[in-house]
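Visitor: Sequence:
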Amino acid sequence: MKTKFLNLKEFVLTVVLSCLMIGIGYVIMLPFAANMQLLYFLEPGLIGLVNGIIYVLIIRKCAKIGTQFIIAALYGTYMLIMGSATAALYFYILAVINELIMLGSGYQSKIRPAVPHVLMWCLNAMGSTFNLFLFRQSYVQIYMDAGMDEAAARAAVDQTAQFWCAPQNILISLVVTAVLCVGGYLLGVKMLGKHFKPAGVA
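full-length UniProt numbering puts the first residue of the sequence shown at 1, with every later residue one more than the last.
Take these hints with a grain of salt, some might be off.
BS3-like cross-link-like pairs, simulated, lysine-lysine; straight-line CA separation at most 30 Å [what the hints assert, rightly or not]: (1) 9 / 190; (2) 9 / 64; (3) 9 / 61; (4) 4 / 110; (5) 110 / 64; (6) 4 / 61; (7) 9 / 194; (8) 61 / 110; (9) 4 / 194; (10) 64 / 4; (11) 64 / 194; (12) 110 / 190; (13) 190 / 61; (14) 110 / 9; (15) 61 / 194; (16) 194 / 110; (17) 190 / 64; (18) 190 / 4.
It is worth saying that the hints were derived from the structure and are not from the lab.
Work out the full structure, taking the sequences as your base and the hints as a guide.
Guide: Next comes the structure, spelled out in structure tokens:
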């Protein structure tokens, strides 16, 4: 009997493939770690592009309540393990939002399933920006704890914020990320029909 909720097999598959997406994201991030511009403008979108294929496979194999929550919540847990509790909270909230977006006939739509994927990696792009908007004093304190005086710490944080919080940079980052994520989703849909279904994967 079919249910609206994930069964054990679907739950395990969603967790495994979501962890695979996290791993892919980490591998893609490594070459960009030392370049602030590429990290902000290109890295989240590239992750969304590559992971779009896996994402489409997940939502076709596990098109039930709980799937979207697991995808985002696991990424939030990854952020928590990496030491960013605030980023983890953002993704836990997104997990609920994405699940609500797909309620009803969301998985039968051709367009709606792309929205959670885009939101996921746009949020990834904006994590540091949100933190600088909301918790700038905390960054100042981190520098002060490392030995800087308050004036130097504030100057360092302000310089970083000039880049991460500049409206034009936010716009570029979001647009590039959204476009690449949509491209990844469409690539996944194409591969689903051309390769996955004939191979019996989906």
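Visitor: Which of the listed hints are not met by the structure?
Guide: Violated: none.
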